[in-house]
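Q: Listed below, chain by chain, are the residues.
Protein chains: 2
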Amino acid sequence: MTMEQYSSISLDMGGGGQKSSELISDIRKIIKDVGKWKNTGDDGAIFKIPRNAGNLIFTTDAFIIDPIFFPGGDIGKIAMCGTINDLSVMGARPIGISLSIVIEEGFPRDDLMKILRSINKVSQESGVPVVTGDTKVTEKGKIDKIEITTSGVGLAQNVIQNNGVEPGDLIIASGDLGEHTIALLAKRFNYQTKIKSDSKALDKEIEKVGGYLNACKDPTRGGLAANLSEMAEKSKVKIVLNERDLPYKKEVKAVTELLGLDVFSLASEGRFLASVSPKNAQKALKILKTFNREAKIIGKAQKAKNKQEIGVYFETELGGSRKIESPRGKLIPRIC
Amino acid sequence: MTMEQYSSISLDMGGGGQKSSELISDIRKIIKDVGKWKNTGDDGAIFKIPRNAGNLIFTTDAFIIDPIFFPGGDIGKIAMCGTINDLSVMGARPIGISLSIVIEEGFPRDDLMKILRSINKVSQESGVPVVTGDTKVTEKGKIDKIEITTSGVGLAQNVIQNNGVEPGDLIIASGDLGEHTIALLAKRFNYQTKIKSDSKALDKEIEKVGGYLNACKDPTRGGLAANLSEMAEKSKVKIVLNERDLPYKKEVKAVTELLGLDVFSLASEGRFLASVSPKNAQKALKILKTFNREAKIIGKAQKAKNKQEIGVYFETELGGSRKIESPRGKLIPRIC
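As you go down the protein sequences, you meet chains C and W in turn.
The first sequence begins at 418 in the numbering used here and counts up by one.
The second sequence begins at 418 in the numbering used here and counts up by one.
Chain C on its own, in the form it takes in the complex:
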């Protein structure tokens, strides 16, 4: 059987027999080896560990989203970028990604190929190989189209952790935030906007500035609100953001207000928030601006006077201040 002989995925492609091997071999035709990685065809991927490799970082992410295609990306792109980014924000060089796909019977072959090509594109551009995987096919109605889980392994000499924010540190956003959520909302509700998902792999920019970062996190699910709050809590500091320096585009703010959402909860899939000591902030910013002109300093970490003060605060130009709370409820749509 060749790729030309089917137009949609059938149950027998998930059975573990010859048709499964053929589907997997079709997947392998699109997702090519990259870098030093060599596929031995075993159940697991094999890496010779270099001497003094430092630390192994291991992470995972599940993606079941609606829509699966959207302006600026698709489920395959965000699955790859999401896992590469989770490794990168910890200061690790990603060495391999595992790709587990659960597909609903009847899913169009063309859509699967499009998703696989996206995955391959991220892999080729970032140089991070897909090294192992699993592909299952379920009966109709047992899954909504497709679910992708990516896990990743990376090596880090110096691990960047969420609890590394120091009082006095400046907080840098690597670019404007929230465009991923807005692009998905627009697509889902047929709303006209030029905003595209910000989905992208962050490995290259973090590799360049990694040495300057005391803490780093990508504001995906839960946005700045959830992720910067987590950094503040783990580091036991107060982080203050100024109204003037907020990393959100006018159009993003407008759509957010229109829909009654909290701008701080919008997710990005190709941005990070980092804490940098004042002496390194300008150096880091200069490098980051070569990747994204919107990179900027958005706030400052302070010593928390007491436990209650720990968290993220937003100060208006008129002198008002309020705590940015981690979002409590459900975020619509499921965007990461």
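Hint data in this document are derived by calculation from the structure and do not stem from the laboratory.
It is possible that part of the hints are untrue.
Note that identical chains are pooled: a pair holds if it fits in a single copy or bridges any two copies.
Unchecked claim - Straight-line Cα separation of at most 16 Å, EDC-like style, residue types lysine to aspartate or glutamate; simulated pairs:
#1 670 - 660
#2 559 - 522
#3 706 - 624
Given the structure of chain C, go ahead and fit chain W onto it with the hints provided.
A: Structure of chain W alone, referenced to chain C:
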């Protein structure tokens, strides 16, 4: 919010906000750290790599099964064992598992807790920690109850690969096969049988005999037919099994005949097939029998005279011979 305050999973527990943190913290209450692993609470797990660690092995598996509870196990147990076993059959010592769970809104809390307790039990017994994870909640109907993807990392000084079968090697089954499929079929069709799933972690037994094995594979999806055929093809040998030594219980054979299935395609979730040189076979077998009395030599590898002869053959006591083909079609039910 404590665990006592909800009886089923709600959408807002997957939003990335406070309710997500609370669900994740509930999960962490059940799944305890084990071994030397220490959870830093970062997005990825951190392992200090020992000097001369050898090779890193990395693998993944997706589980969406029906039923999710069955005699001898549940979806949590087979997800954990499946990934531990994929590392073990390659000669690796598993060091960490990632646990990604996609849950349907309304899924009963009691069922989730039961699955998590199974996961924890395997983790505690095998000493392999769950080190990182992701939990998503989907709207009703977007997934059938629950889907689990586990990935695993392990370290191996000497990697065992599928292409290692040598002509002259004896083929050992670590126990009788196929009981996992029969247990699930019985549960699904309300058929009375004493057969339980063979689901179990193989790390301890493979650690003891690993040095003797030239090749090793666990016959999960596709059973002996798919998995031993793969070993034969990759090693370019002919493997001959004798009718008298087949590793299947009478009751398994009976149910299989009743349902018109191919016994060689039945899956196991706690067994392995290994290729061992004649001088080591009895030593390996003696050790394996201390774990499972049913462990036995089931066949022999020979030099293939030509490309067509490569594969697995079954010889009857009356002198007949036929090739065991990798299953082509769908296997009902989805059992791994």
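Q: Of the numbered hints stated previously, which ones are contradicted by the structure, given in increasing order?
A: Going through the list in order, the structure violates no hint and respects every one.
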